[in-house]
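With the hints as constraints, model all of the structure from the sequences given.
Protein chains: 2
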Amino acid sequence: MPEHMGTHIDAPVHTTQGMWKTDQIPIEKLYGPGVIINVKEKVKSNPDYRVTVEDLMMWEKKFGEMPRHAIAIMNSGWSDKYPNKTQIFGSTQHDNASSFHFPSWHVDAVTWLINKRQINAVGVDTPSTDFGQASVSASFPCHTTLGRNNVVGIEYVANLDKVPENGSTIYVPVLKLFDGSGGPARVFATYDDEPNKTNAAAILANPTSLFRFAIYFSMILLCEIGL
Amino acid sequence: MPEHMGTHIDAPVHTTQGMWKTDQIPIEKLYGPGVIINVKEKVKSNPDYRVTVEDLMMWEKKFGEMPRHAIAIMNSGWSDKYPNKTQIFGSTQHDNASSFHFPSWHVDAVTWLINKRQINAVGVDTPSTDFGQASVSASFPCHTTLGRNNVVGIEYVANLDKVPENGSTIYVPVLKLFDGSGGPARVFATYDDEPNKTNAAAILANPTSLFRFAIYFSMILLCEIGL
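For the record, the sequence lines run as chains A and B. Every number in the working numbering is 718 more than the matching position in the first sequence, counting from 1. Every number in the working numbering is 718 more than the matching position in the second sequence, counting from 1.
Just so you know, not all the hints are guaranteed correct.
For chains that are exact copies, the list does not tell them apart, and a pair is met inside one copy or across any two.
[Claimed, not checked] Straight line, CA to CA, 30 Å or less: simulated DSS-like cross-link-like pairs of lysine-lysine:
no.	residue 1	residue 2
1	K799	K760
2	K739	K803
3	K760	K739
4	K758	K894
5	K894	K739
6	K779	K758
7	K880	K799
8	K762	K747
9	K779	K894
10	K799	K834
11	K739	K780
12	K834	K739
13	K799	K780
14	K758	K739
15	K894	K780
Just so you know, the hints here were simulated from the structure itself, not pulled from any lab data.
Dropping the structure here:
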């Protein structure tokens, strides 16, 4: 099984020597508050769309400042195209990368997430954290920026419509492959299905609702129990 | 990469035709309250030890009735022996299964967990959910009982000393292998590092401690976001 297949991560070492290999990534970097950036409308008219800093600002306008150490994932609606290769790559020439058309992140947005919000990982529901047309110039600025900053990339995420844009916790439990440059992960999210019942005021008014309350950010310790 | 290597699961179909394959296991069955059964002392004098119903009773005496849909894992201390094959199998004859000596579950305890506590998964820090000497009679009662009841088995778990015996949540995010009889998983646990601050009385007395509070069992919804 290849390391970069299906839903998988790119370890920072994938682009930048000396950075974390798959088995070296601290497990605390493999989960975090979920930040879903929905660009489905924008992508409809532009398959070469790249998520902008403005898109991130709009998210914050709606939900408040992003939590630190989040997992930010673009929802472009692209996963509806799986497993049709021609649709996924936006091209009938599957061996010609410069013909590819699919959306991803703009390097400015990735840089902002790293510098301003100490992001844990950046993901896409497309084949790459750099958009399809990045191959034309053969420069992959998002990949190299992520790698250089020891930030994990996640590719081929799916089912993002099921996750709230704010308030989930996303887990990226990549297999701990020795010496790996990436690896497959069963990515999943948890969230509260009754968020209206979980604010502090409601709990203080009604002690029984305590047992419906979960602040995921207080799940402070993760502990590996695999080999 | 083989399906049954390193820390991995056995899908119910592994022993019982018609039961869940790896990709068919509902994701809700792949996490749950962690129940760690510590039998390290008993194993020291008996490498053929099998966890008994009495061991489960002792856990409940200490922590109260087990939550439903838990992930119960034996902590025999065996993971200290990784990766020494002779120590893991308790035998120098690695090709002769009937010479193996390592602990696991007794089928009566597994049956009790299924019937009385609706367990989600049963795990071991050894090579098999049946003890080493099961090979002598070539009967693997725990495997078949788990399979017949569509319950997941987990083998080669490690680092169990780091997880509290009660109060964690354990995740078993096995790769979603199509048609699989098992598969590797980056198994991990979450738990509160300040449990004393998280009881209801303390919270009601001090509203700021709300933000340290997590009842993991209220993380009701899991959502797959992989392929």
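We went through each hint and held it up to the structure:
1. K799 to K760: Classified as within; 17 Å inside a copy, 55 Å across copies.
2. K739 to K803: both (29 Å within a copy, 26 Å between copies)
3. K760 to K739: Neither: 35 Å inside a chain and 39 Å across chains, both beyond 30 Å.
4. K758 to K894: between (33 Å within a copy, 26 Å between copies)
5. K894 to K739: Both, since 9 Å and 23 Å are each at most 30 Å.
6. K779 to K758: within (18 Å within a copy, 53 Å between copies)
7. K880 to K799: within (16 Å within a copy, 42 Å between copies)
8. K762 to K747: Answer is neither: 32 Å inside a copy and 37 Å across each miss the 30 Å cutoff.
9. K779 to K894: neither (37 Å within a copy, 36 Å between copies)
10. K799 to K834: neither (33 Å within a copy, 44 Å between copies)
11. K739 to K780: Answer is neither: 36 Å inside a copy and 41 Å across each miss the 30 Å cutoff.
12. K834 to K739: Intra 24 Å, inter 44 Å, cutoff 30 Å: intra-copy only.
13. K799 to K780: within (28 Å within a copy, 52 Å between copies)
14. K758 to K739: neither (32 Å within a copy, 34 Å between copies)
15. K894 to K780: neither (36 Å within a copy, 34 Å between copies)
Going through the hint list in order, the structure does not satisfy hints 3, 8, 9, 10, 11, 14 and 15.
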